[in-house]
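Novice: Residues per chain are reported as follows:
Number of protein chains: 2
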Amino acid sequence: MKKKLSRNAKKIDQFLIKFLKRQKSLLVEPMKYGVISGGKKIRSTIIYDTGKIFNVEEKKLLNICAAVECIHSYSLIHDDLPCMDDDIIRRGKPSAHIKFGEASAVLAGNCLLTLAFEIIADKKYLINSSMKNEIIRSLAKCSGHTGIAGGQELDLKFENKKKNINQVIDMQIKKTGKLFSFCLYAVGVIAKRSNKEKFFLSSLGDEIGLLFQLADDFLDKKGSKKLIGKPVKKDSKKGKSTLLSLMGEKKAYSYAYNLKKKILRKLENHGKKANELINTIEFILERQF
Amino acid sequence: MKKKLSRNAKKIDQFLIKFLKRQKSLLVEPMKYGVISGGKKIRSTIIYDTGKIFNVEEKKLLNICAAVECIHSYSLIHDDLPCMDDDIIRRGKPSAHIKFGEASAVLAGNCLLTLAFEIIADKKYLINSSMKNEIIRSLAKCSGHTGIAGGQELDLKFENKKKNINQVIDMQIKKTGKLFSFCLYAVGVIAKRSNKEKFFLSSLGDEIGLLFQLADDFLDKKGSKKLIGKPVKKDSKKGKSTLLSLMGEKKAYSYAYNLKKKILRKLENHGKKANELINTIEFILERQF
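So the protein lines, in turn, are chains A and B.
Numbered continuously in the numbering used here, the first sequence closes out at residue 1432.
Numbered continuously in the numbering used here, the second sequence closes out at residue 1432.
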């Protein structure tokens, strides 16, 4: 599993370095700092794994992976800002705003967000224009006010407030789930699946994202700084609403266990072709608790 | 001219309100605050004016206009942040971070940037997919590290430093020129012009943007707070490098005058069809000095 992750990470890093070489600017360095090396690139691995289910060639997925990692990294750079979660360590290194200053971090984040769309609309990316547009539409919805950014707004607004489980699930699905949802949906587009199947993939992605977030909550509570590359127990210190804090450890664990079972059941139809995705989903949990 | 501007502004505001009604989120309010009402929507007017030259129907330009206003407003919201230019007034109202807090302002800016791409890739937007992709590519390049955001980074890095005229022109073309350049280029795409013509339109846009920036510099020096809706003489207080500060008033005025002449000469070939664009260009200068 680690070999698969690092193989994928290397491929995507190389693509991004090449893409960023096309044009120079002062922001290339903080952009690279945010997106290249470090980070497990778990979302990209889920894209490749889903591609295996539908026999999609890897080269048709590379731009999607790179775009997703740009979006993910942009959201981390901005989440770490003093006005957001105010975190000074990310992936074991100083956060972007500590390394480059706040203004450059905001701008580098903006540029990674912008770059994601450029990468998908790229001329050299050999899927047809109508697919590109459908993917861009979905990426925008999953990243903007109805997705990641909307989830982050809720997360901040929920701090030190009493929220119920459904409110927190809604927030986590936006903040984390939607980008996973995009990963599966985009593969569905490239594999020319029906609207019904794409909808199925979307909601499966929401669930995988929620599972990932739950695993992250456990890691924040139990993990070591070394393992996750950032200080632990941040959530409770900041009065963050998490499913773990609301449900307690035992209930949250059984919720995660059932969610995993539900996800695996949904993949049953695809037989052996889904093995890679199943392995990755197992890894998400195994790694964390 | 004022009638034309307000007619265009109204149309674009209505489109954006309708678009934002599709899905709810907490960020819709700060997004609307940033992009709706207030602002002359001069970039959109330039899009419509350029459309007249090539007989492009206005309905084919509406999404481009709305996207450009989203990008412009996002860049203003972020430029005003404490870590950037630290401005508390914008368009005669409190800046977004004063009104909604810094975190929501950063997120609303991000969401407007994201929305711009969603608006162009929108299913209901009836230009073909390949045009949409070409327009998205250009918008990303003009907004990201090689465009607006890259220009803002240079602007901040240039503060209180000695820079030469070419360095400042390069910065202003990125920061302001590139979005004007996109406006003209996008019309060229929809009007199915040749690559050569699109390149011509692009560089004409750079020049119009530079002229607009020069006019803005004069306004910052000479204008009233009431006229421009934000405090004046900000640039010199912040040690900003502008063409006006480098050249002095007399030289800068003649530079602007010659630039305008150059732009108008380039439009001569188009005869009467370019009258609307010429009027808008005259207005840019007339309004300001």
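It is worth saying that the hints were derived from the structure and are not from the lab.
All C-beta atoms in this analysis are idealised placements derived from N, C-alpha and C, irrespective of residue type, glycine included.
Check before you lean on any hint, since a few could be wrong.
Examples of chain B residues toward chain A, derived with CB under 8 Å [stated by the list, open to error]:
(1) E1200
(2) T1423
(3) I1427
Derived lysine-lysine pairs resembling DSS-like cross-links, with alpha carbons at most 30 Å apart [unchecked claim]:
(4) A/K1266 with B/K1153
(5) B/K1300 with A/K1167
(6) A/K1195 with A/K1409
(7) A/K1381 with B/K1242
(8) B/K1242 with A/K1167
Novice: Please go over all the hints and tell whether each is borne out by the structure.
Specialist: Hints, verified against the model:
1. E1200: Cβ of B/E1200 sits 20 Å from chain A, so the hint is violated.
2. T1423: For B/T1423, the interface hint is violated, since the closest Cβ of chain A sits about 27 Å away, which is over 8 Å.
3. I1427: For B/I1427, the interface hint is violated, since the closest Cβ of chain A sits about 27 Å away, which is over 8 Å.
4. A/K1266 with B/K1153: violated, 35 Å
5. B/K1300 with A/K1167: Judged against 30 Å, a Cα distance of about 16 Å means the pair holds.
6. A/K1195 with A/K1409: Judged against 30 Å, a Cα distance of about 16 Å means the pair holds.
7. A/K1381 with B/K1242: This hinted pair holds, its Cα atoms lying about 24 Å apart.
8. B/K1242 with A/K1167: Distance ~36 Å between B/K1242 and A/K1167 Cα, so the pair is violated.
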